[in-house]
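Undergrad: Read off the chains here:
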Amino acid sequence: MEQNKNTILEIHDLSISFRMYDSRFEQTELKVISDLYLSVSPGEIVAVAGASGSGKSLLASAVLGLLPANASLSGHIHYKGQELTPELQKNLRGGGIALVPQSVEFLDPLMKVRSQTGGRDKAKTAERTRVFKRLGLPDDTENLYPFELSGGMARRVLVSTAMLSSAELIIADEPTPGMSLEQSLQALTMFRELAREGRAIILITHDIDLAFEFADRVAVFYAGTTVETAPASDFKQGPRALRHPYSKALWEALPQNSFRPIPGSQPYPGDLPKGCLFAPRCPMRTAECMEHVPPVRQIRGGEVRCFYGS
Amino acid sequence: MRGRFFNLCSALIKNGMKILSLLLAVSIIAFVLVTLSPIDPVQQYILGLGTAISQEQREEIEEYWGVGEPPVECYINWLTNVLRGDLGVSSLYRRPVADIIGERFLSSLALMVSSWLLSGIIGFSIGCLMGMRHGRFLDRFLKKVCYILSSVPTFWLGLVLLLVFSVWLGWFPIGFSSPIGVLSGDVTFGQRLYHLVLPAFTLSLMSFPNIALHTRQKLVEVLESDYVLFARARGEGNWDILRRHGIRNILMPAVTLQFTSFAELFGGSVMAENVFSYPGLGSAVAAAGLNSDVPLLLGITLFSTLFVCVGNMVADLLYAAIDPRVREAVE
Ligand SMILES: Nc1ncnc2c1ncn2[C@@H]1O[C@H](COP(=O)(O)OP(=O)(O)O)[C@@H](O)[C@H]1O
Ligand code: SF4
Ligand SMILES: [Mg+2]
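Those protein sequences? They're chains A and B, same order as listed. Okay, so the first sequence: first residue is 1 according to the numbering used here, each after it adds one. Okay, so the second sequence: first residue is 1 according to the numbering used here, each after it adds one.
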């Protein structure tokens, strides 16, 4: 597989399955991510947008090497052109890669914020004070326990951990829900500053508006696969600039557009269609879509997984 | 600070009321059972004496038990005596019940506290070990050991240990809390400790599997939690995780469980004391039962209820004092 030396992270054909036991104690494989691709370069913010359950958080765990024990993974992940092995992942945790987790549940309930954001170290303390201030967190936040934080405060504490790290790749898993508009804007501005320093940022969100306002590129996930990656500007232009029927439908569904939801729902893992994962809901599907998985094609500076994407 | 003190006091009062009402209930039930049983405490006392007693003595003891009066008055009469601190005189030992309980309680307490600490420390450590290795060979092996130990009856385990260590190997004495033939005042601390080892060990073998399995379960939950995932993402290794997050999150539930196991420990100590002829409350209660020593039986019943309740209360208060979430809720 050809590796682009300029990317920080490059993912090809990633599939993840869970070993499960059904009611008759028979082992089954539950495929939750299928043939996913994604890449991010230094200085770039890539938004990963997709409905809940489309595999966004699992992607983050997979990159960090922190999938549950019953998960198995296939495909290729490269970090700076190198195959991302378990040893490399171990070295990168707390170093090259930082995670902004999804909820306050990711903070130890019995440990004060300070110990989970760098500890008592002098340099760290000064840095934390600065970052907390910029995020609008009150002075004594570091002395609080997680249960004493409001929803918005907790999100900002989680975001601060990435700001405090020197990671070259930051994966932020839905960092803004629960924050006020100003707080979200402030946090996103700070992510942009980090990108300007040359770091790569994967911004996971289920809010497509936010994705194309703040990111450089947007990757659209559906049922555990990437259906399209496109420059954020294409999303601003509208459906004619987009390549995949699902991306177009997402755009149409926005309140400021026709606000028309897509009929049907995302398939459940374990009950995935045979060919294109979007086929059951696609207005353009043909017999071929039902039979075969469409390949990824490069079109107009973006990528699309659809036989008829243009 | 003042608020906290006030809360502690109100919690103490609340718990105290609960314990008092429970004690009252237990005293009624125990008294009714004794009244319904064919044993006559007065007759038993006289029998135990072996010689004739004077009319005066007889009247005294009949008055204590309220002979000839309706049952409710008998009970009230007895309860008033108990509240005054007069638990009656043991027909078996010919001494005030309160004195016997006091003495024996100290021996039992030494046994229980040492085996409690032992089982807590062993159980917690083994539980942590199993949790860290969960699903692996060591975990599966230790789990089997725990299941076997917790299904073996204490007295049988005690007998085996007694046979192996005292009879065959001769490392430990066969019984009693001090060497035979030495005046109780002359017994050294070392000698007492020496006589304590085997019963305490037996008792802790019986209760450590519980705490070990519980600790293992909790640690596995912690290791699968989101906050450990995030800690790993920040670069913490297995040892950091156990030290920083594992112990912090499982210690309190374990301590609480360990305190509530005081009740079981009390039951276990009855067995262990009898197997090892260890002169504590447990062997006294068995002797009292076998010899129909009603005042001693009632006295120990009330006392052990009090003891177990206080143990549970201490556990609750400790938990509240240490867990910041509970502390917040209380304040
Ligand atoms: N430990 C697990 N065992 C089985 N299935 C899981 C597990 N974790 C996640 N999944 C499944 O994987 C899919 C993707 O989950 P997730 O990545 O959390 O979605 P998102 O973050 O996009 O909402 C979901 O269908 C979820 O049910
Ligand atoms: S491959 Fe076919 S079914 Fe799938 S999105 Fe394209 S047109 Fe629709
Ligand atoms: Mg998620």
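Hints listed in this document are in silico derivations from the structure and should not be mistaken for laboratory results. It is possible that part of the hints are untrue.
Straight-line alpha carbon distances no greater than 25 Å define the calculated SDA-like cross-link-like pairs of lysine to any residue that follow [claimed, not checked]:
#1 A:Lys112 with B:Lys144
#2 A:Lys112 with B:His134
#3 A:Lys124 with B:Leu229
#4 A:Lys112 with B:Leu317
#5 B:Lys143 with A:Pro68
#6 A:Lys112 with B:Lys143
#7 A:Lys112 with B:Ala320
#8 A:Lys124 with B:Phe5
#9 A:Lys31 with A:Gly96
#10 A:Lys122 with A:His76
#11 A:Lys90 with B:His134
#12 A:Lys133 with B:Arg234
#13 B:Lys144 with A:Phe25
#14 A:Lys90 with B:Leu317
#15 B:Lys144 with A:Ala69
#16 B:Lys144 with B:Glu221
Undergrad: Against the earlier hints, flag every one the structure doesn't satisfy and list their numbers going up.
TA: 1, 2, 6, 8, 9, 10, 14
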